[in-house]
Amino acid sequence: MQEALNDTQELKDLQKQKKKMQNRRGKRLFYLIIPFIILVLLFSYYPLFGWVYAFFDYQPPIPLSQSEFVGWKWFAMLIQNKTQMHQIVQVLANTFAMSFLNILTSFLPVLFAIGLNEIRNKHWKNIIQTLTTLPNFISWVLVYSIAFAMFSSSGMVNTLLQNWHWIAEPIKWLDSDSHTWLKMLLWNLWKGLGWGSIMYLAAIAGIDPELYEAGRVDGANRLQLIRHITIPALMPTYFVMLMLAISNFLSNGMDQFFVFQNAFNLTHIQVLDLYVYNVGMGNNSLSLATALSMLKSIVSVVLLYVVNFVSKKTRGESII
Amino acid sequence: MSNIEKSEVTGGERAFKVFNYLFFIIFTLICVYPFYYLIINSLSANNLSAAGSINFWPKGLHLSNYAAVLKLDGLPLAALVSVGRTVIGTVLTVMASAFLGFMFTQEKMWHRKFWYRFVIVTMYFNAGLIPMFITMKNLHLTNTFWVYVLPAIVQPFNIILVKTFIESLPKSLEEAAELDGATTLQTFWKVVLPSCTPILATVAIFTAVGQWNSFQDTLIYITDQKLYSLQYLLYQYINQASSLAAMVKNNAGGALNMGAVATQQTPTSIRMTVSIIVVLPIMFIYPMFQRYFVKGIMLGAVKG
Chain A
1 MQEALNDTQE LKDLQKQKKK MQNRRGKRLF YLIIPFIILV LLFSYYPLFG WVYAFFDYQP
61 PIPLSQSEFV GWKWFAMLIQ NKTQMHQIVQ VLANTFAMSF LNILTSFLPV LFAIGLNEIR
121 NKHWKNIIQT LTTLPNFISW VLVYSIAFAM FSSSGMVNTL LQNWHWIAEP IKWLDSDSHT
181 WLKMLLWNLW KGLGWGSIMY LAAIAGIDPE LYEAGRVDGA NRLQLIRHIT IPALMPTYFV
241 MLMLAISNFL SNGMDQFFVF QNAFNLTHIQ VLDLYVYNVG MGNNSLSLAT ALSMLKSIVS
301 VVLLYVVNFV SKKTRGESII
Chain B
321 MSNIEKSEVT GGERAFKVFN YLFFIIFTLI CVYPFYYLII NSLSANNLSA AGSINFWPKG
381 LHLSNYAAVL KLDGLPLAAL VSVGRTVIGT VLTVMASAFL GFMFTQEKMW HRKFWYRFVI
441 VTMYFNAGLI PMFITMKNLH LTNTFWVYVL PAIVQPFNII LVKTFIESLP KSLEEAAELD
501 GATTLQTFWK VVLPSCTPIL ATVAIFTAVG QWNSFQDTLI YITDQKLYSL QYLLYQYINQ
561 ASSLAAMVKN NAGGALNMGA VATQQTPTSI RMTVSIIVVL PIMFIYPMFQ RYFVKGIMLG
621 AVKG
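For the record, the sequence lines run as chains A and B. Note that the numbering used here has the first sequence beginning at 1, numbered continuously upward. Note that the numbering used here has the second sequence beginning at 321, numbered continuously upward.
Misleading hints may appear alongside valid ones.
[What the hints assert, rightly or not] Residues from chain A that face chain B, not an exhaustive set, calculated with beta carbons under 10 Å: (1) 11; (2) 15; (3) 17; (4) 39; (5) 99; (6) 100; (7) 136; (8) 141; (9) 148; (10) 194; (11) 249; (12) 276.
[As the list claims (entries may be wrong)] Covered stretches of chain B (chain A as the covering partner; in silico rule of three or more C-beta atoms under 8 Å from a C-beta of chain A): (13) 355-368; (14) 411-424; (15) 443-456; (16) 466-479; (17) 483-493; (18) 519-526.
[Said to hold, decoys possible] Ranges of calculated distance between the beta carbons of each label pair, as one might list FRET restraints: (19) 34/A - 340/B: 55 to 65 Å; (20) 465/B - 281/A: 51 to 61 Å; (21) 544/B - 32/A: 31 to 41 Å.
Keep in mind the hints are simulated off the structure, nothing from the lab. Glycine included, every Cβ here is placed at the ideal spot set by N, Cα and C.
Throw the hints in and build the complete structure from the sequences for me.
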C-alpha cells in the first residue's frame, strides 16, 4: 500500500520534471524566433503608433513632442472644409469607380479561361498562356514606358495614324482627362487578364472528365457543356475572388495611378492611395494624410470582416 | 432531320471556334507586340526609329544605344542596387519564411498558437503610407539600402505556405532526426530545408520578381541618388527625356560625328533601351519558372 503511494508520488514528480523540461525546451524554441518577432513588431505593429500623428499638427522637422495637439481637427476638416470635401468626394468617386469597374469586369478572366481551355492544341495553349501572363510580371513603371512608346504624341500609334493621313494632329492619349477611368481599366486588363485566368484554368483541369462524358452522351454540344458543367464548377472560385475584390474596395494600389498621373488627368486619376501620397509627400501635410490612412485602414478591416462574415453565412467557409 | 440539326450545331460550334482562335491570336499579339516594338526600336537606326518607321522588323541594326545607356550616370549603380536588393532580399525572405514556417510547426514552442497568430494577423491590417514613412525615419532606415530588404523579411503569406507544406510531409523524418540526437536547428537545416525546395522555389521566384519590380519604396524612402533602383531611374528617364539626351551628348564629349545620326542617341532611344534592360531579366526568367508561378497562385487559392 505504502509502496504504491510512493510510486504515484514518484510518478507525479517525474511528470512534473518532464513538464518542466518541456517548458524549458518550449522557451528555448521561442528564443529562436525572437529576432523575427522583433521585425514584426517594428514594421507591422510599431507603425500603428504613427496614427497619433493624425491628432497633432506635425510639421517636420519639428518633433512630435513640440507639435500642437489638435484633436479631431483633421478629421473634421475632411467634412467641414468645402474645397477639401469637394476633393475628397472626387477622390472617393475615382476610387469607387476603379474598384467597381474591376468588379464589373471580374468575369472576363473566367471567360478567358473557358476560351483558352477550348483550344485543344496543347502546344498553342501553353504558348498563349505564357505570353499573355508575361505583362503581369512587369512593373507599372514599365507599363508606363510601353504606354509612352505606343501612345505619346510622338508614339507609334500617332505616328502611324499621321503617316496614313487618318489624323492631322496627334491624339492625346496620355496627357488628357478624357475617359481616364476606362483607360486605367484597359491597362489593368492588359496587365492582369491572362494571369487572372490561371486559377480558373486550374479549376477547369480539376473537373471530373466523366461529367463531360455524361453530358455528351445526353447530346449536349460544346456550348451547353460549358454552360451546364464548366461555369457552375468555376463559381466557388469566382465567389472567393469576388469577395476578396470587395474587401479591397478602397485599395486600388498607388503605382499604376502614380505613373500615369499628370497635370491633365489629375482630377480623375487620383484614387485614395494616390491621394494619400500626394497629400502627405507632395504637399507635406503628414498629419492630414495620416488621418486619411487611418480611416482607410479601419474601413478596410471592417470590410474584410463583413465580407468574411457574408462568406461564412452563404458558403460556410471563411475566406481569411 | 437529325442530320440537319447536327450540321447546324457544328456550324455554330465552328463559328465559336473561329471567333475563339481569333480572339486569342489578337490578344496574344497585343500582349507581346509592345515588347517586340521596344526591342526592335532599341536596335534600329535612331533616325529611322524617331521617324516611326520601325514597326515590324529592325532596320540599320546597331548596338550603340546599349553602349551609350550603360555609360549613363547612375545606371550601372542603379542596376547594382536592383540586383543587390533582389538577391539579398530574396535570400533573407526565403530563409525567414522557411525557418518561421518550420518553427510554427513545433508544437512544444512556448505559446506557439499565440505567436503564430501574432505574426499572421499582420497580413490583414496596414498602418498606411505616412505612418510607415515616419517609422522608417524614426528607425533611421530612410536613405539606407536596408529599407529595401528589412521590412520585407517576415511575410505572413509565405509562412503559411511553408507551414502548410511542412505539415504535409511525413512526420517520421523529423522524428528520426530527433532520435539521432539532432538539435532543432540541425533538424531544420539538414532534414526539413532540403525537403521544402519546391515550395521555397515558388516563394523565391515571387519574392525576386517583387523586389526587382518594386518602385514605391524608392519613391518614398530614398532621396539619395546612389540608392536609386533601376525601376525608379527608368521612371525618371521617362519624365525627363530631353535633359537625358543632352547628358548623353556630354558623355560623348561633344565630338559627335555629323554623319552618325543613325547612332546618335535620342530621348526615345534611351527610354526604350533602358526599358529593355529593365525587362530583360523578367523575360528570361519568366518562361523558365512559369510552372512555379502557376503553383504559387494555386497554393494561394487553396489557402484563400
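Practice problem: Enumerate the violated hints, using their earlier numbering and listing them in ascending order. | Solution: 1, 2, 3, 5, 6, 11, 17, 18 and 20
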